[in-house]
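There are 2 protein chains.
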Amino acid sequence: MSSSRGRGRPRSQEGVDRREAIITEARRQFSQKGFAGTSVRGIGREVGVDPSLIHHYFGDKQGLLVAVLDLPVDAPAKLAEVLTGPEDGLAERVIRTFLESWDGHRPAFAALVRSNLGESATDMPVVGFLDGVLIERVAQRLEGDLLRLRADLFASAVLGLGISRYVLQLEPLASASPAQVAALHGPALQRLVEQSAHP
Amino acid sequence: MSSSRGRGRPRSQEGVDRREAIITEARRQFSQKGFAGTSVRGIGREVGVDPSLIHHYFGDKQGLLVAVLDLPVDAPAKLAEVLTGPEDGLAERVIRTFLESWDGHRPAFAALVRSNLGESATDMPVVGFLDGVLIERVAQRLEGDLLRLRADLFASAVLGLGISRYVLQLEPLASASPAQVAALHGPALQRLVEQSAHP
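Heads up: the protein sequence lines correspond to chains A and B, in order.
Here the numbering used here is used: the first sequence runs in plain steps of one and ends on residue 217.
Here the numbering used here is used: the second sequence runs in plain steps of one and ends on residue 217.
Pulled out of the complex, with its shape left as it was, chain A reads as follows (with noise of 0.2 Å):
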């Protein structure tokens, strides 16, 4: 389980009435508005709850988003998780903790890329996410130049990695183990990653 499912869980019925009214306004805010557009604070006021219950229930901001696309994968604690190790051997472990953690929801992730790459796909809340969270998160972990560019391009090659072995399940890609996949992976990647190579 993630770690926002079992964090500040209502046990009283009116409890989880609350808990829902707030999922349901907060997908409406972030469909309208999009991940930056939307505070905690203003779905707050729309349920007429105080922030701190949202913050009790969710964590922040992206544990709320979490809950609302539904994830079974607390993708911005995972990242956070491997991006605090040492820069070396970075990308390596960013490949394998991805695959590791989404190789048991195979069908969600795909169902996850079908639901986001519509028409207006650039509007999509998941879509924020991935712009104004985790590649934010990489760029700010990056030293030297062209940090948000090269953390765009180590998101698409993430994405493409997932979108080959979990949608379109080209072999031997979507049958490799995950340490296999970042041990090949990773060193190309990790270009992206090293300073040395961005001065």
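These aren't lab readings, by the way, just hints derived from the structure by calculation.
Quantities reported herein were computed from a predicted structural model and do not represent experimental measurements.
Each residue gets a CB set at the ideal place from its N, CA and C atoms; glycine is no exception.
Where hints are given, some of them may not hold.
[Said to hold, decoys possible] From chain A, some residues computed to sit far from chain B (all C-beta separations above 10 Å):
no. : residue
1   : 54
2   : 103
3   : 122
4   : 136
[Said to hold, decoys possible] Short, incomplete list of chain B residues facing chain A, as computed with Cβ under 7 Å:
no. : residue
5   : 52
6   : 149
7   : 170
8   : 182
9   : 190
10  : 194
11  : 195
Using the hints, position chain B against chain A.
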């Protein structure tokens, strides 16, 4: 214009009708039997034309699939062109050619992605094409170990690049020049190409 569009285009109405009949039958067979299971001979038999006429109109089976998919870019020809050059800088050339080819056809790329990532993505002709033609050619060009897995990873990164640039339109990636993206991403993906890294 792609070479398959100019080549062997019929001038008479009867020729146009025959060409359309071939494309219709080819679309049916590619969808039912996949790329590998479809033959020019079998299509000719169903339509009632000699296979040599199909070769005259479309070149080979790959050219026929390019016509069926109505691709604005003759991907096999472009890929063959860059693969014939030296190993040095191969990844950079592939990325640059990929972007220069598709930058003028962004909506077509997005439409191709959307119409081929559905529930039965693994049965889609375009996926068989990616797997059986494009990745196959990259694998044939590589030396060393794990050829097919390395080619899968290479293709997955290029696919992710196209989706991030043309569908999700992540910035600054979507607006960066093909040359800049290729110069940055090329050395990374080159690690998958080089034999020395995979003895």
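Is the Cβ of residue 103 (chain A) more than 10 Å away from each Cβ in chain B?
Given that every Cβ of chain B is farther than 10 Å from that of residue 103 (chain A), nearest at about 20 Å, it holds.
Beyond 10 Å from every Cβ of chain B: is that where the Cβ of residue 122 (chain A) lies?
holds (19 Å)
Next item in the hint list is residue 195 (chain B). Is there a CB on chain A closer than 7 Å to its CB?
Hint violated; residue 195 (chain B) Cβ to chain A Cβ min 11 Å, cut 7 Å.
Quick check for students: does the CB of residue 54 (chain A) sit more than 10 Å from each CB in chain B?
Residue 54 (chain A) clear of chain B: closest Cβ-Cβ about 13 Å, beyond 10 Å.
Is the interface hint for residue 190 (chain B) satisfied, with its Cβ closer than 7 Å to some Cβ of chain A?
holds (5 Å)
Would the stated hint for residue 52 (chain B) survive a check requiring a Cβ distance to chain A of less than 7 Å?
violated (13 Å)
Checking hints one by one. Is residue 149 (chain B) an interface residue toward chain A, by the C-beta closer than 7 Å rule?
holds (6 Å)
Given residue 182 (chain B) as an interface hint, is its Cβ closer than 7 Å to any Cβ of chain A?
holds (4 Å)
Per-residue hint verdict: residue 194 (chain B), partner chain A, C-beta under 7 Å:
holds (6 Å)
Hint status (Cβ of residue 170 (chain B) to nearest Cβ of chain A, threshold 7 Å)
Status holds, d = 4 Å.
Check on residue 136 (chain A) being off the interface with chain B, judged by Cβ distance over 10 Å:
Its Cβ does come within 10 Å of chain B, the nearest being 7 Å, so this is violated.
Checked against the numbered hints above, the structure violates hints 4, 5 and 11; every other hint is satisfied.
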